[in-house]
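Undergrad: Given next are the chains, with one letter for each unit.
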Amino acid sequence: MSQPVRTDVIIVGGGIMGAATAFFLRKRGRSVALIERGLVGQQASGVNFGNVRRQGRFLPQLPLANRSRAIWGRLNELLGEDAEFLPSGHMRVTYNDEMTEKMVTYAADARHYGLELEILSGNTLRDRFPYLGPEVRAGSYAPLDGHANPRLAAPAFGRAAKREGAEVFENTEIATVEKDGEGFRVEATDGRVFRGAQLMISAGAWGNRLSSQFGEAVPLETHGPQMAVTEPVPYALETVLGVSTNLTHEVVYLRQVKRGNIVFGGGNRTLPNLDTRRAFVKPENTLSQLTQITRIVPALNRLNIIRVWSGVESYLPDDIPIMGPSGKVSGLHYAFGFCGHGFQLGPGVGDVMAELIDTGQTSTPIDPFLISRFQRAQIL
Amino acid sequence: MANPRVIIIGAGSAGVRAAQTLVEGGMRPIVIDESARDGGQIYRRQPEGFSRPKSALYGSETARAEALHSTFDDLKSRIDYRPRHLAWNIADGHVHVVHEGASDALPYDALIIAAGATDRLMPVKGWHFAGAYSLGAAQIALKAQASAIGRRVIFMGTGPLLQLVASQYVKAGAKVVAVLDTSPFSAQIKALPKLIARPDVLFKGIKLVAGLKLSGVPVLRGITPLEIHGDAETGVTGVSVRLASGEIRRFEGDAVGLGYHLRPETQLADLAQCAFDFDAQTRQFRPRIDIDGRTSVANVYLAGDGVLTQGADGAEISGRLAAFAALADLGHAMPDSRINTLRQDRARMELFREGLAEAFPWPHSLAAGIPDEAIVCRCEGVRASELRGVALEKGASELNRAKAFSRVGMGRCQGRYCGHAAAEIVAAATGLPLEKVGRLRGQAPVKPLAISTRRVDS
Numbered sequence: 001m002s003q004p005v006r007t008d009v010i011i012v013g014g015g016i017m018g019a020a021t022a023f024f025l026r027k028r029g030r031s032v033a034l035i036e037r038g039l040v041g042q043q044a045s046g047v048n049f050g051n052v053r054r055q056g057r058f059l060p061q062l063p064l065a066n067r068s069r070a071i072w073g074r075l076n077e078l079l080g081e082d083a084e085f086l087p088s089g090h091m092r093v094t095y096n097d098e099m100t101e102k103m104v105t106y107a108a109d110a111r112h113y114g115l116e117l118e119i120l121s122g123n124t125l126r127d128r129f130p131y132l133g134p135e136v137r138a139g140s141y142a143p144l145d146g147h148a149n150p151r152l153a154a155p156a157f158g159r160a161a162k163r164e165g166a167e168v169f170e171n172t173e174i175a176t177v178e179k180d181g182e183g184f185r186v187e188a189t190d191g192r193v194f195r196g197a198q199l200m201i202s203a204g205a206w207g208n209r210l211s212s213q214f215g216e217a218v219p220l221e222t223h224g225p226q227m228a229v230t231e232p233v234p235y236a237l238e239t240v241l242g243v244s245t246n247l248t249h250e251v252v253y254l255r256q257v258k259r260g261n262i263v264f265g266g267g268n269r270t271l272p273n274l275d276t277r278r279a280f281v282k283p284e285n286t287l288s289q290l291t292q293i294t295r296i297v298p299a300l301n302r303l304n305i306i307r308v309w310s311g312v313e314s315y316l317p318d319d320i321p322i323m324g325p326s327g328k329v330s331g332l333h334y335a336f337g338f339c340g341h342g343f344q345l346g347p348g349v350g351d352v353m354a355e356l357i358d359t360g361q362t363s364t365p366i367d368p369f370l371i372s373r374f375q376r377a378q379i380l
Numbered sequence: 001m002a003n004p005r006v007i008i009i010g011a012g013s014a015g016v017r018a019a020q021t022l023v024e025g026g027m028r029p030i031v032i033d034e035s036a037r038d039g040g041q042i043y044r045r046q047p048e049g050f051s052r053p054k055s056a057l058y059g060s061e062t063a064r065a066e067a068l069h070s071t072f073d074d075l076k077s078r079i080d081y082r083p084r085h086l087a088w089n090i091a092d093g094h095v096h097v098v099h100e101g102a103s104d105a106l107p108y109d110a111l112i113i114a115a116g117a118t119d120r121l122m123p124v125k126g127w128h129f130a131g132a133y134s135l136g137a138a139q140i141a142l143k144a145q146a147s148a149i150g151r152r153v154i155f156m157g158t159g160p161l162l163q164l165v166a167s168q169y170v171k172a173g174a175k176v177v178a179v180l181d182t183s184p185f186s187a188q189i190k191a192l193p194k195l196i197a198r199p200d201v202l203f204k205g206i207k208l209v210a211g212l213k214l215s216g217v218p219v220l221r222g223i224t225p226l227e228i229h230g231d232a233e234t235g236v237t238g239v240s241v242r243l244a245s246g247e248i249r250r251f252e253g254d255a256v257g258l259g260y261h262l263r264p265e266t267q268l269a270d271l272a273q274c275a276f277d278f279d280a281q282t283r284q285f286r287p288r289i290d291i292d293g294r295t296s297v298a299n300v301y302l303a304g305d306g307v308l309t310q311g312a313d314g315a316e317i318s319g320r321l322a323a324f325a326a327l328a329d330l331g332h333a334m335p336d337s338r339i340n341t342l343r344q345d346r347a348r349m350e351l352f353r354e355g356l357a358e359a360f361p362w363p364h365s366l367a368a369g370i371p372d373e374a375i376v377c378r379c380e381g382v383r384a385s386e387l388r389g390v391a392l393e394k395g396a397s398e399l400n401r402a403k404a405f406s407r408v409g410m411g412r413c414q415g416r417y418c419g420h421a422a423a424e425i426v427a428a429a430t431g432l433p434l435e436k437v438g439r440l441r442g443q444a445p446v447k448p449l450a451i452s453t454r455r456v457d458s
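Those protein sequences? They're chains D and C, same order as listed.
Per the working numbering, the very first residue in the first sequence carries number 1; after that it's consecutive.
Per the working numbering, the very first residue in the second sequence carries number 1; after that it's consecutive.
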């Protein structure tokens, strides 16, 4: 048996959360082992829509989202690679007065968190966004948000972490995690052992399988996002668009990449298979999306889709992630279950988790996301 | 099962014989076909109103083409035939079919996929210029539209289709500048013991080449493609190759037909979640089937060139076998002697298929020599240098990873044309075995799907 790999921190799960945390820990001089079962950024981090969106989030999450947005703005210089971040603006649109009212209230509240949103309707909306469909009643425009390429961002963090000195272990599946007198002991299915004083679990949909080993099971559900992309057409849609609605099938979002393809997703999701790691798109969902995206931009009706895809995302019943220290074991940290809205947060989560692991505290509030909220719920 | 719902995808040689066998077994299958008319590729029927004689279209295979067409004509009242229908997805026991903007989900108790094959292609510098076609496309232009792809046509690649299409062009009166074959003649000699499994076909092949030479078309073997010359404005102007002797030769022409034998169209099998295996001889992943065409997924069967390139005659046999397998699995009593004969025939087809693969090998070693500036993925304009870059500098040695980083295979054709070559380029660059580089995962839609498509529930 070979010697254990010893680092200050072990990170299990190489999605954007784990990869970014590894990167920022190296910036703080901590030694890190980043362990990924497949390839870095291959699951939820790689298959999501690519939204770099702050508006519409749970308000107490905005400080974290703001911190993340600041990092997105200097990502290229930080990583030395282009993840195609475009601060092209983001707009949520409504189809009725009820949702418009909610949107107006949200905009007023978001201002207290430093997020400026512009509410547009009537001719102002039509003049600025002439491609919107007749059903669109109002829009909430966030000029500094935008989108990036999820296929590139997490792997870029992983490579940058490696360049900074992190040890990255891909195709390494973890079987057991435990703490003994020497600190954390993490064992892979092939028998390799990793040792560290601190451990972070950022294993996405598989996070619960690991947190359960520390007696911190959580009601994590998995879903497969339903994505599609059109053939490339001349770049014309700068703004990322999404629908604000209470009806699941109406929830769609779309963005055009510089290359010209329009990416969209939303609506109903599917149940992925955690063991085969495959998730499929239901054809019915694709067909439903086709009718919904043309309500926002009717001209899309003339295009073709060329590919659909899905992946494995994890959700919690209160629709906010698990992030922060363990409620039971000192030196143990979590960052998983980002409920389909983790991509924008990724760089910020990495920065905050590195700060937390390095200093024991964080300058950005994360209390609502502690895993202990589920233990409290069980006691009650 | 009272009235089992059986669906056949494809109305080519395999699909038609499968339909016939099912009808004889008392079924009324649904036959879905993307084309306006039956016949598939090799026995493609010209559009209504076109009047080239069948002997001109099908040559030595006229009798077989006529037999297949008349069988299908007779079947039409006893099947549910749906031409111009595209099977764009398979999920949860349903085939999703789009026709004139409406998408319907058809449930099945048995599904026979006979999706056919397309050209297997190896990029060459300049193959993105207008006037560069696949061999199959060159043949379709002739059969379906009675037109040639150019005034002075060069055919390059390898495989039985290379000489066939060239000689069809000559017969149709087109000017064929040269037939440039990457396979050395020695490979064909070595494969003779297997090719003799079908002496008639072997003889026809020899006659084709002799006929081409007789009409003054140079047939050069063992060549290495170097470049298709041309520019964005005028398109193809010529082709440069290195001859077997080492001499570099340039041929002038305004169109190129390219192809290196065929690759099965396997996306539907992939969407049906059939298991694939790596075939070391032809260096590609193929759906796993038993001798009758059963896949790893219950009630899903594969037939024809869509799984094994045994050619049109082989497709007719495998279509019948797949239908018998489906009938047997649905609880019908089977004529054992008939099935045994078909299986023996198929074994002969399989031996011949292996012989062809030896005689006209996929020239995988060309991948290493493709110049960096050559475009690999024509849909997305990805150059060999970019693909090699993500493989070597970003660790993308698995093909789907290389796609995610470089956009190779991410365009309209979804890697159907560049996928095999992209895998070879990554394998050559990284030194990994091709099997480890893997294959592109199939995703719906099989062909582009209009956003204006609306769901119907029949």
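In case anyone wonders, no lab produced these hints; they're calculated from the structure.
Quantities reported herein were computed from a predicted structural model and do not represent experimental measurements.
Take these hints with a grain of salt, some might be off.
With the Cβ distance kept under 8 Å, some of the chain D side facing chain C (calculated, not the full set) [to be verified]:
#: 1; residue: G46
#: 2; residue: E231
#: 3; residue: L274
#: 4; residue: R277
#: 5; residue: F280
#: 6; residue: K282
DSS-like, lysine-lysine: derived pairs with alpha carbons at most 25 Å apart [what the hints assert, rightly or not]:
#: 7; chain 1: D; residue 1: K258; chain 2: C; residue 2: K394
#: 8; chain 1: C; residue 1: K175; chain 2: C; residue 2: K190
#: 9; chain 1: C; residue 1: K207; chain 2: C; residue 2: K175
#: 10; chain 1: D; residue 1: K258; chain 2: D; residue 2: K162
#: 11; chain 1: C; residue 1: K207; chain 2: C; residue 2: K194
#: 12; chain 1: C; residue 1: K207; chain 2: C; residue 2: K171
#: 13; chain 1: C; residue 1: K125; chain 2: C; residue 2: K175
#: 14; chain 1: C; residue 1: K213; chain 2: D; residue 2: K282
#: 15; chain 1: C; residue 1: K394; chain 2: D; residue 2: K162
#: 16; chain 1: C; residue 1: K54; chain 2: C; residue 2: K194
#: 17; chain 1: C; residue 1: K190; chain 2: C; residue 2: K54
#: 18; chain 1: C; residue 1: K213; chain 2: C; residue 2: K190
#: 19; chain 1: C; residue 1: K436; chain 2: D; residue 2: K258
#: 20; chain 1: C; residue 1: K175; chain 2: C; residue 2: K194
#: 21; chain 1: C; residue 1: K54; chain 2: D; residue 2: K27
#: 22; chain 1: C; residue 1: K171; chain 2: C; residue 2: K190
#: 23; chain 1: C; residue 1: K54; chain 2: C; residue 2: K207
#: 24; chain 1: C; residue 1: K436; chain 2: D; residue 2: K162
We treat Cβ as the ideally placed atom computed from N, Cα and C, and that holds for glycine.
Undergrad: Hint by hint, say whether it matches the structure.
TA: Going through the hints against the structure:
1. G46: Hint holds; G46 (chain D) Cβ to chain C Cβ min 7 Å, cut 8 Å.
2. E231: holds (6 Å)
3. L274: For L274 (chain D), the interface hint is violated, since the closest Cβ of chain C sits about 16 Å away, which is over 8 Å.
4. R277: This hint is violated: R277 (chain D) lies away from chain C, its Cβ roughly 12 Å from the closest one there, beyond 8 Å.
5. F280: OK, holds: F280 (chain D) within 8 Å of chain C, min 7 Å.
6. K282: Holds, about 6 Å.
7. D:K258 with C:K394: Holds: K258 (chain D) and K394 (chain C) sit about 22 Å apart, inside 25 Å.
8. C:K175 with C:K190: The given pair, whose Cα atoms are some 32 Å apart, is violated under the 25 Å limit.
9. C:K207 with C:K175: Distance of about 19 Å is within 25 Å: holds.
10. D:K258 with D:K162: Not OK: K258 (chain D) and K162 (chain D) at ~29 Å, beyond 25 Å, violated.
11. C:K207 with C:K194: With Cα atoms ~18 Å apart, K207 (chain C) and K194 (chain C) stay inside 25 Å; holds.
12. C:K207 with C:K171: It holds: about 14 Å lies between the C-alpha atoms, which stays within 25 Å.
13. C:K125 with C:K175: With a Cα-Cα distance of about 24 Å, the restraint between K125 (chain C) and K175 (chain C) holds, given a limit of 25 Å.
14. C:K213 with D:K282: violated (54 Å)
15. C:K394 with D:K162: Measuring from Cα to Cα gives roughly 12 Å; hence the hint holds.
16. C:K54 with C:K194: violated (31 Å)
17. C:K190 with C:K54: Violated, at roughly 35 Å.
18. C:K213 with C:K190: holds (22 Å)
19. C:K436 with D:K258: violated (32 Å)
20. C:K175 with C:K194: violated (34 Å)
21. C:K54 with D:K27: violated (74 Å)
22. C:K171 with C:K190: The hint is violated at about 30 Å.
23. C:K54 with C:K207: holds (20 Å)
24. C:K436 with D:K162: Roughly 24 Å separates the two Cα atoms, so the pair holds.
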